[in-house]
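J.: Going line by line, the protein sequences match chains A and B.
So for the first sequence, my numbering puts the first residue at 66; every next one is plus one.
So for the second sequence, my numbering puts the first residue at 173; every next one is plus one.
Check each hint, because a few of them may be wrong.
What the hints assert, rightly or not - Derived DEER-like restraints, expressed as beta-carbon distance ranges:
1. N214/A / N373/B: 28 to 38 Å
2. Y435/B / S259/A: 52 to 62 Å
3. N143/A / W270/B: 12 to 22 Å
4. A248/A / V181/B: 21 to 31 Å
5. N373/B / G293/A: 43 to 53 Å
6. F83/A / G297/B: 47 to 57 Å
7. G297/B / N214/A: 56 to 66 Å
8. G293/A / L183/B: 50 to 60 Å
Stated by the list, open to error - These stretches of chain B come out as covered by chain A in the derived footprint (C-beta under 8 Å, 3 or more residues):
9. 315–324
10. 329–342
Claimed, not checked - Some, not all, of what chain A presents toward chain B, calculated at C-beta under 10 Å:
11. V159
12. M161
13. V164
14. F165
15. N169
16. K238
17. L253
Bear in mind the hints are in silico, worked out from the structure with no lab data behind them.
Values in this document were obtained by computation on a predicted structure and should not be read as measured data.
We treat Cβ as the ideally placed atom computed from N, Cα and C, and that holds for glycine.
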Amino acid sequence: MSETPTPMLRAVNVHKSFGRHEVLRGISLEVLPGEVMCLLGPSGSGKSTFLRCVNHLETTDRGRIYVDDELIGGRLHNGKIYELKDKAICKSRVKMGMVFQHFNLFPHMTVLGNLIEGPVHVKREPKEVAVDRARTLLARVGLTDKEDNYPRQLSGGQQQRVAIARALAMEPKLMLFDEPTSALDPELVGEVLSVMKDLAQSGMTMLVVTHEIGFARGVAHKVGLMDGGVIVESGSPADVLDNSSNERTRSFLSKVPS
Amino acid sequence: MTDDAEQVVPLRHYGRWISGAIILFLLWLLVLAFARGQIDWPVVGEFFMAPVLLKGLGNTILVTCLSILIGLILGVIFAIMRLSSNPVTNMVASLYIWLFRGTPVYLQLLIWFNLALVFPEINLGFWHARMVDVMTPFLAALLGLGINEGAYMTEIVRGGIISVDRGQLDAASAIGMTRLMAMRRIVLPQAMRVIIPPVGNEFIGLLKTSSMASAIAYTELLHRAQLIYFVNAKVMELLMVAAGWYLIVVTILTIIQTYIERYFSRGQSHETEPSLLSRLWVNLIRRRRAAGGAAAQQGGYR
Numbered sequence: 066m067s068e069t070p071t072p073m074l075r076a077v078n079v080h081k082s083f084g085r086h087e088v089l090r091g092i093s094l095e096v097l098p099g100e101v102m103c104l105l106g107p108s109g110s111g112k113s114t115f116l117r118c119v120n121h122l123e124t125t126d127r128g129r130i131y132v133d134d135e136l137i138g139g140r141l142h143n144g145k146i147y148e149l150k151d152k153a154i155c156k157s158r159v160k161m162g163m164v165f166q167h168f169n170l171f172p173h174m175t176v177l178g179n180l181i182e183g184p185v186h187v188k189r190e191p192k193e194v195a196v197d198r199a200r201t202l203l204a205r206v207g208l209t210d211k212e213d214n215y216p217r218q219l220s221g222g223q224q225q226r227v228a229i230a231r232a233l234a235m236e237p238k239l240m241l242f243d244e245p246t247s248a249l250d251p252e253l254v255g256e257v258l259s260v261m262k263d264l265a266q267s268g269m270t271m272l273v274v275t276h277e278i279g280f281a282r283g284v285a286h287k288v289g290l291m292d293g294g295v296i297v298e299s300g301s302p303a304d305v306l307d308n309s310s311n312e313r314t315r316s317f318l319s320k321v322p323s
Numbered sequence: 173m174t175d176d177a178e179q180v181v182p183l184r185h186y187g188r189w190i191s192g193a194i195i196l197f198l199l200w201l202l203v204l205a206f207a208r209g210q211i212d213w214p215v216v217g218e219f220f221m222a223p224v225l226l227k228g229l230g231n232t233i234l235v236t237c238l239s240i241l242i243g244l245i246l247g248v249i250f251a252i253m254r255l256s257s258n259p260v261t262n263m264v265a266s267l268y269i270w271l272f273r274g275t276p277v278y279l280q281l282l283i284w285f286n287l288a289l290v291f292p293e294i295n296l297g298f299w300h301a302r303m304v305d306v307m308t309p310f311l312a313a314l315l316g317l318g319i320n321e322g323a324y325m326t327e328i329v330r331g332g333i334i335s336v337d338r339g340q341l342d343a344a345s346a347i348g349m350t351r352l353m354a355m356r357r358i359v360l361p362q363a364m365r366v367i368i369p370p371v372g373n374e375f376i377g378l379l380k381t382s383s384m385a386s387a388i389a390y391t392e393l394l395h396r397a398q399l400i401y402f403v404n405a406k407v408m409e410l411l412m413v414a415a416g417w418y419l420i421v422v423t424i425l426t427i428i429q430t431y432i433e434r435y436f437s438r439g440q441s442h443e444t445e446p447s448l449l450s451r452l453w454v455n456l457i458r459r460r461r462a463a464g465g466a467a468a469q470q471g472g473y474r
């Protein structure tokens, strides 16, 4: 066991309530560097909320989340976690890239503007450096000729690929994907998944909330199935997706196309 | 295939032509009535470029522009305070809006101007002065109009900020922006699209409201016009001059607003509506030119 490297992401017993409704009821998981983990589960099971807790877009009530060995959103002291200030949280967020269901590109900026916004204004990199990297990333997601377009002028699939490039422009160690293909027309899903697959093969650590069973089976190293705010089962894709003995897993998988 | 592709003839709007003609006729009657009425039109022409009035116009424009600027700055600050999760700043902003939106501008102008009655002297330790010397009509007008405007702007800016999709703030946070930077770089520029039209409205409104500053002896356009007609008794003539100047400035402002709106709606799919004039241009003149009208570009402004 001493061979095990430090996990890139480690969640320990994370709890979260919205008012009286407890959305996360003790989530624990680990993602090792270079690993891809997919979180599956019915809507309302807390997958997206957990993902948002990882980069502290949502606060947690109890439990710890470590990214690259750093406690996210708080400081441990006397058995309690003291919330950090906005600035400190922003600093730890830079380590993670996030891709949203609805892309959330900045509509008032060109594609290139979207990509260099973070590097130039948050990381304070020289503009030329940021532009160079942005162009490399656009080539990587196959959108070299779109750098001067505005997001509205692109298809959903292209917008999501730009969003992935925007997240990568910050050179994150961990990528979070929140249902990246759920808002796309069916014929556009493939292009986004193939960019994600390339990214996975390049060794990026990824946590992906998705309904794409095929992607989970083909790309993920680990699959977790969430229901009712807990992870009901996790393991290799083969174990969870094909040979599960868990009642809730089987019931969920029987309802989604794979 | 071309044989079946019959050309579509756009619906002819005869009603519009008829009603247009009727309105033009009524307008002509009105103009005629004023032309023949007891107004000494040469006097209007004579005073139109009078330096005294032009200086008043300059003062009107100056105090309007500065007040709008003060209003915008206060509006942005208080809107962000209003939307903050901090209950103290939130309440301060609400109080500000309540106080300055709840009393007439006219009354506020009088209070600023007469502030010397309450505080005869200003003493900041290193600097002191008599209030009557400091609170000139100009400063009183500026403070009264600007701070009052800020209260309205706060609500306009707040509406603009709320109109921006929450996902934008998420995305900005996710690339590591602090709340304030996300506001400045991401949310406000998008809010501007919603904010600009009502601000244009406020600008035009304020240009006219600034005439109230004549009550505190600020020598703006209307005040100057009044001073002149008190002497020469050409009341209507001078009011016409003032009306003409207000209309000219408002027209210029409206044109500027169109361009600003266009700038802030970049990247949005629906462009700003073309103005009535440019629509007329496209419909009447270009259509004629494209003889036969085969490719009449409906609203060909793209």
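J.: Taking the hints in turn, state whether each one holds.
T.: Verification of the hints:
1. N214/A / N373/B: 28 to 38 Å: 33 Å, holds
2. Y435/B / S259/A: 52 to 62 Å: Distance hint for Y435/B, S259/A is violated at roughly 38 Å.
3. N143/A / W270/B: 12 to 22 Å: 43 Å, violated
4. A248/A / V181/B: 21 to 31 Å: Roughly 42 Å apart at Cβ, these two residues miss the hinted range, so it is violated.
5. N373/B / G293/A: 43 to 53 Å: Taking Cβ atoms as reference, N373/B and G293/A lie about 51 Å apart, which means the hint holds.
6. F83/A / G297/B: 47 to 57 Å: 52 Å, holds
7. G297/B / N214/A: 56 to 66 Å: 58 Å, holds
8. G293/A / L183/B: 50 to 60 Å: Given a distance of about 59 Å, which is inside 50 to 60 Å, the answer is holds.
9. 315–324: violated (count 0)
10. 329–342: Holds: 4 residues of the segment 329–342 of chain B have a Cβ under 8 Å from chain A.
11. V159: Holds, because the Cβ-Cβ distance from V159/A to chain B comes to roughly 4 Å (cut-off 10 Å).
12. M161: 8 Å, holds
13. V164: 9 Å, holds
14. F165: 6 Å, holds
15. N169: Holds - the Cβ of N169/A comes within 10 Å of chain B, reaching about 4 Å at its closest.
16. K238: 13 Å, violated
17. L253: 18 Å, violated
Hints 2, 3, 4, 9, 16, 17, counting from the list given before, are not met by this structure.
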